[in-house]
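Asks: Chain by chain, the residues:
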Amino acid sequence: MGLADIIIKLVLVVIIFAISLVIAMYSTYAERKIAAFFQDRIGPNRAGPWGLLQPLADGGKMFLKEEIIPTHANTFLFIAGPSLAILTACIGSAVIPWGQQMTIGSHVIDLQVADINVGILYIFGVVSLGVYGVMIGGWASNNKYSLLGAIRAASQNISYEISMGLSIIALLMVTGTLSLRQIAEQQHSWHWNILYQPLGFLLFIVCAFAETNRTPFDLPECETELVGGYHTEYSSMKLGFYLFAEYINMFISSAVMATLYWGGYNYPGMDWVLAHTGPAIGPLIGVVVLFAKIFLFIFFFMWVRWTIPRFRYDQLMDLGWKVLIPLAIANIIATGLWITFIK
Amino acid sequence: MSTFYFIAFLSIFFSILVITAKNPVHSILYLILTFFTFTIHYVLLNAQFLAIVNFIVYMGAILVLFLYTLMLINLNKESEPRKSNVVKIAGFIGGGCFLLAIVSAVKAFNGSQLVILQDPNLGLVKNLGKILFNEYLLPFEVSSILLLSAMVGAVLLATKDPKTT
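Top line first, the protein sequences correspond to chains A and B. At the far end of the first sequence sits residue 343, using UniProt numbering, and the numbering has no gaps. At the far end of the second sequence sits residue 165, using UniProt numbering, and the numbering has no gaps.
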């Protein structure tokens, strides 16, 4: 690996970080605009044209607010909680393939930071680690509502991780590899995995909602029962980190869903486009397609949030253990039978 | 090699903190860090699958449940049970015997002879899966039955006896 390759990787890392942060920032704007549309309101429209500068104003407000650390809180863990939440949210993007290999002059550029051969498991590990930020923050606040929110988050994540893992196993039986790059390449043009794993995708997206704590599974921060849930005691940018981490998680899980099930950067007719635009521009069109898919998923997350009310806690657990896990196991068996007898 | 010594030092350092920390929740957090250093050890040994499974199962699931239980039971420090001196001495002697047994086992094993794997890429998912489902199929299936029986046992303990209710 020469110096040029290292510089290219570093630039790629910086670009991906910047993109995830900007998308998370404008997701807050999009969420408010979409909520306004669903409720027949106008939404933020004061800061800049169409309220486009609203996220900057919100960010400035978050930074300038008074920072309060409760006297009975555990100071170190109180700060570690939101830091951990944003850290685990940001490192998930490392293994996602953003596009095909780009060739500029004599340089071949991989549009992926790290192609490790256990890519899916890495994502899964990062997701399972994400709950620590919420748990530590909730416990360190030394507040009963925060603690209840943290405990809810922990049990919810553990329950839905199981069915998420099982739905991924069925996908792995179809693809035969754990590397996200190879999975993306297998879905060339229109051979998307959603055609082979529709039930698996349905299970995965339900679990993704639960893992990112989005409505209808946002019980850890259910304000009618728990004030603010695990971030009741948080203020200023530490609260901002928790909210930001949720939007970054949404972006990353949308990217993972697009890559695993909806073809990633592939689209019908990509060979023709690639032949006519050349190896430098062609892959970029793939990147644009991937981002279009990601934005559709982010919109879906918001659409569901402003349409469906949240579950009761026992309903949440019933759905996780009594519906999703048996369905996921049935899906694995059906996939096995399909591979053995039909394929 | 220096990476190994550094990580090994961190493992031992965090595991000592696990048993000396006053607060049980801090203890669990140090245990999480200890398991994280184990994950790095596995990566250094080129056992990627084991590393990531250790990461998901131990750090991501089992220790979350540990933390979950502790948060539920350890809400105030006063209710924490104090151990009597007899228990402490008994624990010390028991632990010492265990340490002695481990040291003698390592001695008897003759660790100076290096074990060289025939295939250095054994730890990669593909090779590991092939070996588990060909060469070691029987022990693999037997251990899965062991896990299943543990699960059935847990369910049996949790369900109430219909006669007593």
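In short, the hints are calculated from the structure, not lab data. Computed from a predicted structure; not experimentally measured. Mixed in with the good hints there might be a few duds.
Below are the SDA-like pairs computed for lysine to any residue, each with C-alpha atoms no more than 20 Å apart in a straight line [claimed, not checked]:
| hint | chain 1 | residue 1 | chain 2 | residue 2 |
| --- | --- | --- | --- | --- |
| 1 | A | Lys144 | B | Val152 |
| 2 | B | Lys130 | A | Gly336 |
| 3 | A | Lys322 | B | Met151 |
| 4 | A | Lys322 | A | His191 |
| 5 | A | Lys322 | B | Val152 |
| 6 | B | Lys22 | B | Leu72 |
| 7 | A | Lys65 | A | Leu53 |
Asks: Given the proposed pairing of Lys22 of chain B with Leu72 of chain B, does the C-alpha separation stay at or below 20 Å?
Replies: 17 Å, holds
Asks: Does Lys322 of chain A pair with His191 of chain A here, judged by a C-alpha cut-off of 20 Å?
Replies: 32 Å, violated
Asks: Given the hint that Lys144 of chain A pairs with Val152 of chain B, test it: the Cα-Cα distance must not exceed 20 Å.
Replies: 34 Å, violated
Asks: Next pair to validate is Lys65 of chain A with Leu53 of chain A; report whether the Cα-Cα distance is within 20 Å.
Replies: Holds, because 19 Å separates the two Cα atoms, which is no more than 20 Å.
Asks: So if I understand the rule, the pair passes when the alpha-carbon distance is 20 Å or less; does Lys322 of chain A with Met151 of chain B pass?
Replies: 16 Å, holds
Asks: Straight-line Cα separation of Lys322 of chain A and Val152 of chain B no greater than 20 Å?
Replies: Since the Cα atoms of Lys322 of chain A and Val152 of chain B sit roughly 17 Å apart, the hinted pair holds (cutoff 20 Å).
Asks: Against the 20 Å threshold, does the CA-CA distance of Lys130 of chain B and Gly336 of chain A hold or violate the hint?
Replies: 18 Å, holds
Consistency note: the structure conflicts with the earlier hints numbered 1 and 4.
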